[in-house]
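As a plain string of letters, each chain reads:
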Amino acid sequence: MTGLTANGLTVRFGGRAVLDRVDVACSPGKVTALLGPNGAGKSTLLACLAGLRAPDDGTATLDGTGILALDRRERGRRIGLLPQTPDVHWDIDVATLVELGRFPHRAGWGRSPADAVAVERAIAATDIAALRDRVVTTLSGGERSRVLLARVLAGEPAWLLADEPLASLDPAHQLDVLAVLKAAASAGAGVVVVLHDLNHALHVADDVVLLRDGRVVAAGPVEAVLTEARIAETYGVATEIGTARDGSRFVVALGRIG
Amino acid sequence: MSVARFSLLLTLAIVAAAALSLIAGKVWVPFDAWRATDPRWLIIAELRLPRTVLAIIIGAALGLSGAAMQGYLRNPLADPGLFGVSAGAALGAVLSLYFGFAVSALVLPAFALAGAAGTMLILALLAGRSGSLIVFALAGVIVSSVAGSLTALAISVAPTPFAVSEIVTWLMGALTDRSWDDVKIALPLVALGGVMIAATARSLDALTLGEAAARSMGVDPARLQWLIVGGVGLCIGASVAAAGIIGFVGLMVPHMVRRVVGGRPSATLLPSALGGALLLLLADIACRAIPTVSELRLGIAMALLGGPFFLWLLASMRRTLA
Numbered sequence: 197m198t199g200l201t202a203n204g205l206t207v208r209f210g211g212r213a214v215l216d217r218v219d220v221a222c223s224p225g226k227v228t229a230l231l232g233p234n235g236a237g238k239s240t241l242l243a244c245l246a247g248l249r250a251p252d253d254g255t256a257t258l259d260g261t262g263i264l265a266l267d268r269r270e271r272g273r274r275i276g277l278l279p280q281t282p283d284v285h286w287d288i289d290v291a292t293l294v295e296l297g298r299f300p301h302r303a304g305w306g307r308s309p310a311d312a313v314a315v316e317r318a319i320a321a322t323d324i325a326a327l328r329d330r331v332v333t334t335l336s337g338g339e340r341s342r343v344l345l346a347r348v349l350a351g352e353p354a355w356l357l358a359d360e361p362l363a364s365l366d367p368a369h370q371l372d373v374l375a376v377l378k379a380a381a382s383a384g385a386g387v388v389v390v391l392h393d394l395n396h397a398l399h400v401a402d403d404v405v406l407l408r409d410g411r412v413v414a415a416g417p418v419e420a421v422l423t424e425a426r427i428a429e430t431y432g433v434a435t436e437i438g439t440a441r442d443g444s445r446f447v448v449a450l451g452r453i454g
Numbered sequence: 471m472s473v474a475r476f477s478l479l480l481t482l483a484i485v486a487a488a489a490l491s492l493i494a495g496k497v498w499v500p501f502d503a504w505r506a507t508d509p510r511w512l513i514i515a516e517l518r519l520p521r522t523v524l525a526i527i528i529g530a531a532l533g534l535s536g537a538a539m540q541g542y543l544r545n546p547l548a549d550p551g552l553f554g555v556s557a558g559a560a561l562g563a564v565l566s567l568y569f570g571f572a573v574s575a576l577v578l579p580a581f582a583l584a585g586a587a588g589t590m591l592i593l594a595l596l597a598g599r600s601g602s603l604i605v606f607a608l609a610g611v612i613v614s615s616v617a618g619s620l621t622a623l624a625i626s627v628a629p630t631p632f633a634v635s636e637i638v639t640w641l642m643g644a645l646t647d648r649s650w651d652d653v654k655i656a657l658p659l660v661a662l663g664g665v666m667i668a669a670t671a672r673s674l675d676a677l678t679l680g681e682a683a684a685r686s687m688g689v690d691p692a693r694l695q696w697l698i699v700g701g702v703g704l705c706i707g708a709s710v711a712a713a714g715i716i717g718f719v720g721l722m723v724p725h726m727v728r729r730v731v732g733g734r735p736s737a738t739l740l741p742s743a744l745g746g747a748l749l750l751l752l753a754d755i756a757c758r759a760i761p762t763v764s765e766l767r768l769g770i771a772m773a774l775l776g777g778p779f780f781l782w783l784l785a786s787m788r789r790t791l792a
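Residue numbers (the numbering used here), protein chains in the order written: chain A, 197 to 454; chain B, 471 to 792.
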């Protein structure tokens with residue numbers, strides 16, 4: 197069985213189930229968006245899929261093997277995670293930061309030709325060559341988000357997990373990040389991304405998992421799952437879904453229900 | 471500047487400072503007296519040489535520990551002192567003086583190491599295997615303050631004025647009258663601690679991206695914590711055993727090193743060890759060379775240097791944050 201899956205995943209915080217018997221199947225080559233209101237369990241689910249959190253019940257598996265049974269480094273090579281907080285704690289330059297993404301591939305001190313190739317490819321994919329020698333802490337939010345994304349790509353993971361990568365970015369930079377995610381999926385990687393804006397999901401996602409109160413409301417292809425009725429049920433918001441001039445779909449919030 | 475080039479420069483400076491350290495003091499011993507037949511040679515072989523070697527070992531241990539702690543806690547203000555390990559080691563050492571056990575050369579280091587190890591154990595038990603940095607740092611602060619209070623208690627109930635004076639002298643930190651025996655005890659412990667810290671280098675780099683990113687790339691937080699606690703504990707325990715509390719080296723040196731080699735934690739380790747050795751050598755030479763009634767204590771000299779430095783660091787960080 198290929199893919200990144202959650203099977204009956206349950207996580208409790210102080211007796212309350214943050215995730216309640218969640219089943220999810222993400223496919224390689226596709227962008228899967230995790231959607232749902234605040235507190236629905238999206239980030240917790242992503243942390244379980246990344247192997248950072250042990251569920252109280254159920255399992256997360258990668259190609260049939262339990263995530264937590266994988267060797268740490270191997271898991272790091274196969275699953276790349278872009279966490280929600282864009283931490284960079286020291287004044288290091290962009291090239292050095294991107295190279296940190298090679299951590300799971302490097303055993304000793306040396307730097308292999310494969311490392312250099314992967315770093316250059318990641319820098320090209322995120323269009324940050326001009327920033328190479330800049331100190332990361334001096335970059336704007338938009339620049340920094342692309343650099344951090346390049347770090348994940350440099351690890352050449354088969355799976356790319358991103359937790360709200362668009363938060364606090366302007367529309368142009370949001371589109372840049374979404375394009376990089378889409379390109380990674382087109383190149384064969386499985387992409388799992390936590391999103392807040394439903395329009396971003398309509399723009400980038402192939403599949404969608406709708407969560408509410410730790411349970412899966414619906415999961416499947418984006419056009420089948422993201423309907424006005426489902427959105428109303430999940431978010432408590434009345435919406436209208438329309439089609440733009442270029443044929444893409446968009447959603448407009450009309451108001452709260454009840 | 472590259473790490474290798476900077477390290478070479480620092481090494482050359484250490485060699486020069488070591489030569490000066492052998493010459494300088496109440497009795498100046500110029501190069502032409504460096505012969506086994508010269509009566510002044512005894513001063514070099516039995517006093518200055520072990521003192522110089524010890525300054526290098528302890529300076530390196532303090533600088534390296536500081537760089538490792540700052541990398542691990544991702545905080546440029548972190549210092550082994552903050553962490554409680556120095557205080558724990560000092561408490562052990564003071565207890566051995568208090569009970570008058572310091573008759574054998576091995577009792578005091580054993581107590582200091584036990585103090586450092588005990589502090590480490592408490593930290594590990596409090597912070598558990600979660601590797602949580604916040605719990606760990608808080609545990610360190612609490613352990614540090616408890617160890618400080620117990621040390622004060624030991625002083626206040628000391629049986630004789632002589633014991634009080636011995637304890638206070640100890641706490642001030644110095645390299646005066648150290649022998650090859652102290653070198654023999656400190657060297658292997660610091661070397662082992664250094665190897666443990668070196669093993670954390672790449673994990674510390676990964677931690678630059680935060681705990682979640684580092685773990686997702688394969689960093690084992692529990693292993694990292696044990697290596698840091700063990701490595702820093704050995705380095706600080708051995709240092710305190712040999713020379714008492716000498717603060718601020720671990721705070722100042724990594725900060726200066728970072729300006730030259732950049733912020734990558736692994737790049738700061740070796741230069742911080744070398745820089746710590748150089749700083750302590752120079753400070754010890756100054757303590758001997760500056761004409762005061764009695765020799766200036768090294769621990770006091772470092773605090774006089776380090777205190778203002780720390781305040782300046784805080785002030786400049788406040789400016790950045792504002």
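Fair warning: there could be bad hints in the mix.
[Claimed, not checked] Examples of chain B residues toward chain A, derived with CB under 8 Å:
| hint | residue |
| --- | --- |
| 1 | Arg672 |
| 2 | Asp675 |
| 3 | Ala676 |
| 4 | Ala683 |
| 5 | Asp690 |
| 6 | Leu694 |
[To be verified] With beta-carbon atoms standing in for the labels, derived distance ranges:
| hint | chain 1 | residue 1 | chain 2 | residue 2 | range |
| --- | --- | --- | --- | --- | --- |
| 7 | B | Phe779 | A | Ala312 | 38 to 48 Å |
| 8 | B | Leu482 | A | Glu316 | 35 to 45 Å |
| 9 | A | Gly306 | B | Leu783 | 50 to 60 Å |
| 10 | B | Ala785 | A | Asp287 | 17 to 27 Å |
| 11 | B | Phe779 | A | His392 | 42 to 52 Å |
Keep in mind that the hints were calculated from the coordinates and are not lab data.
For each residue, glycine too, the CB sits at the ideal point set by N, CA and C.
Results for each hint:
Hint on Arg672 of chain B holds. Least Cβ distance to chain A is approximately 7 Å, under the 8 Å limit. Taking 8 Å as the C-beta contact cut-off toward chain A, the hint placing Asp675 of chain B at the interface holds, the least distance being around 6 Å. Because the beta carbon of Ala676 of chain B sits about 5 Å from the nearest beta carbon in chain A, less than 8 Å, this interface hint is met. Annotation: interface hint on Ala683 of chain B holds; nearest CB of chain A at approximately 5 Å, less than 8 Å.
Checking Asp690 of chain B against chain A by beta carbon gives a least distance of about 6 Å; that is within 8 Å, so the hint holds. Taken as an interface hint, Leu694 of chain B does not check out: its beta carbon lies about 11 Å from the nearest beta carbon of chain A, beyond 8 Å. For Phe779 of chain B and Ala312 of chain A, the hinted distance range of 38 to 48 Å is satisfied, since their beta carbons lie about 39 Å from each other. In this structure the hint that Leu482 of chain B and Glu316 of chain A lie 35 to 45 Å apart at CB holds, the actual value being about 36 Å.
Here the CB-CB span from Gly306 of chain A to Leu783 of chain B is close to 35 Å, at odds with the stated 50 to 60 Å. At roughly 18 Å, the beta-carbon separation of Ala785 of chain B and Asp287 of chain A lies within the given 17 to 27 Å, and the hint holds. Distance hint check for Phe779 of chain B and His392 of chain A: the Cβ-Cβ separation is about 45 Å, which falls inside the suggested range of 42 to 52 Å.
Checked against the numbered hints given earlier, this structure breaks hints 6 and 9; the rest are met.
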